[in-house]
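S.K.: Following the hints, put chain B in place on chain A, whose structure we already have.
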Amino acid sequence: MQGMLYIALVFALVLGCAFPMGRYMAAIFEGRIKYLAPIENGFYKLAGVDPKREMRWTDYAITLLLLSVIHFLLLYAILRLQYYLPMNPQGIAGMSPRLAFNTAASFATNTNWQAYAPESQISNGAQVFGIVVHMFISAAAGIAVAAAVMRAFLAGGVQTIGNFYVDLTRITLYLLIPISMIAALLLVIAGAPQTFGAFVTAHTLDAGTQTIAIGPVAFQEAIKEFGTNGGGFFNANSAHPFENPNAWTNLLENWLDLVIGFSLPISFGIMLKDKAQGRALMFAMAIILALGCIGTYAAEASGNPLHIAAGVSATGGNMEGKDVRFGIPASVTFNVSATGTSTGAVDSFTDSYMPLGGAVPLFLMQLGEVTPGGVGSGFYTIIVFALLSVFVAGLMVGRTPEYLGKKVQAKEIKLAMLGVLILTLFILAGAGFSLMTKSGLGSLANAGPHGLSEMLYAWSSATENNGSAFAGLSADTPLLDYGLGSAMLFGRFAFLIPVLAIAGSLAAKPKLSASAGTFPTTGPLFIGLLIGVIIILGGLQYLPADTLGPLADQYLLNASKTF
Amino acid sequence: MSIAREIRPAISLVVLFTLLTGFILPEAFTGAVQLALPSQANGSLLTLNGQVVGSAIIGQNFTSAKYFQPRPSALTGTDAKGNNINTPYDASESGASNMGPASASLLQSVQQRVASYQKAFGPGPVPADAATASGSGLDPDISRANALRQAPAVAAARHLDPAKVMNLVNQMAHRSFLGVVGTDHVNVLKLNLALDALSAR
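Protein chains in written order, with our numbering: chain A, 202 to 764; chain B, 359 to 559.
If we strip away everything but chain A, and leave its shape as in the complex, we get:
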């Protein structure tokens, strides 16, 4: 009961704020917010950007790719050279080429997969002027693409979808920086440190000393959640008391994590001047996520039967890998939210969740992260599913499908399916191949079906740009550094580019007005169809693998089989 109330509270706070936030974001996308105009225009001037220029989808894609490549190379250099760069009080050495590749790919794609232990493998400087900058820029780039996709539906016969440089700048200045600064301040008040000093040595009460890792935590923590990034300052991520000091900061971080994702459909409805369209997408996202939270809570609250039989109290739930100050409901809601988005932050360790509890985050990633998904990426992914839904509905009644007045034809459906299938290929072939190699098997921390879950989770997380892990996996190996690094790059760009192509193609089409024969894309019928398409098209292809992983794990555990 306590758990259900907590889940309801999180949804009420997030969905309640999504309406004003969505309005504000629509105003940013439309260029109506101007309070930092001097800084904004200064940026354009210094960078040689013409803010009035409108881009075709190809220009939009090329500028985004080019900026991402440059930023990737900069982070790679910073990670390799961190020993020689400022703000390295612990004297941490440079990363190896393969780990630096994996890490740079991870942050350039908004994934934030961490194959390194931050306390000992990355300097304060590399976190602050390397990783944190990517947390802003990769998030802003994702939201920019969402804004470009929205524009494709606004009018007919348009060749352009906005200006990438302008979108990136405005989203960073007016959305990401202000709110993450406020959140960072709240986090410091609650106890998250923010210092460039070295680790602290304490003389503990019960004889002995303790070295306490510390650093500029709060600033990173805020944008880590708000930009659905997820890369922790510490190895334990948001389970670490310095990243997440108490139940209230946990609630704040959970809110930050979800709010942009749920606000984007609202922004879309406002820009379309048809708010019901945005609400329909938002509710489809929310229903799937709520079911995921409730299911995971049920799995974790009842505890581990093997441990209860060994004399552990049955009332506490499965506490392995969870911290006391959060408890079960807040732990599971946080982790499920972070896999329904592309955040991948954790406040508890999914590897030690009950098999069905861990299956939910895995499945939410495999669905393509649309509940509500990464900032921007969740929105443009659910648009792909919406196009597929009207196509399926069109097939059933034998009419040319249209979505929001735009005819959906063979070209768009081919591009949409291309995006969906590329991701599936990477996840299933990548996990399958890894498990056929000695190196891959050597990375597993757990035996039996749980080992398969670990590898499947890693490839799902990398390809879907999530970044969370069944963290027992030893990920810093040549196979996984290069393999997962490539999966992150393909997962981001081999999906994003077809989506921009769809946007370009739809923008150029005339905008038809709705007729009596138009399939309505608001209301329960459409929401139900959309959820069905997401689960069937997004999820069904993974069911055989998931059956051999988490489902088999649960059955064997029920039969008291250990590994």
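It is worth saying that the hints were derived from the structure and are not from the lab.
Treat the numbers as computed from the prediction; the structure is a model and nothing was measured.
Even glycine gets a Cβ: it sits at the ideal position worked out from N, Cα and C.
There's no promise every hint is true.
Residues of chain A placed beyond 10 Å of chain B at every Cβ, according to the derived structure [said to hold, decoys possible]:
| hint | residue |
| --- | --- |
| 1 | R224 |
| 2 | Y225 |
| 3 | A228 |
| 4 | Q395 |
| 5 | Q411 |
| 6 | L473 |
| 7 | K474 |
| 8 | K523 |
| 9 | R526 |
| 10 | Q610 |
| 11 | L619 |
| 12 | L622 |
| 13 | L636 |
| 14 | S687 |
| 15 | P725 |
Footprint (simulated), chain B over chain A, 3 or more residues, beta carbon under 8 Å [what the hints assert, rightly or not]:
| hint | stretch |
| --- | --- |
| 16 | 267-280 |
| 17 | 330-341 |
| 18 | 412-419 |
| 19 | 454-464 |
M.R.: Below, chain B without anything else, positioned relative to chain A:
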């Protein structure tokens, strides 16, 4: 379009945003909170007789019978010879056991923890937080039920009235907000500091 034409704006924006979000804002923010909130910004350190004894929000290890015991911590490290050893509450690292729910070695650890807990604090089901390792490896808290179970044995080790120690636990306990946000728990370091103060009186 030509890609060459895009190189200047792309590089410039990367540089400008690196300056803004990687240098100016974090430096200004750090300076501001170091001035306004120095305690939290530097890790909420607790001092006793002028010496730092730990952080109020980071757990530390206690093994003596006269102290309340923290949760198991899964942190490991290497000793001087390069062997793997347990390093519970070593706050220069952090992390969980990552052992799966059907792990035989996890089950074995749980059985050992249950046995030693029951030996120290009496028979009966063991609170879940006492039998399992935390997510951070640095969990500063134990559940109130766990603390109350430990109280009589801690009181006996200090020759204190058990009721007094129970009372202290209840005084120091953090309560969940309306039963929805947060849990009933006690910060182990603060509790043990208060216990030392109580014994000294």
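S.K.: Enumerate the violated hints, using their earlier numbering and listing them in ascending order.
M.R.: 4, 5, 8, 9 and 19
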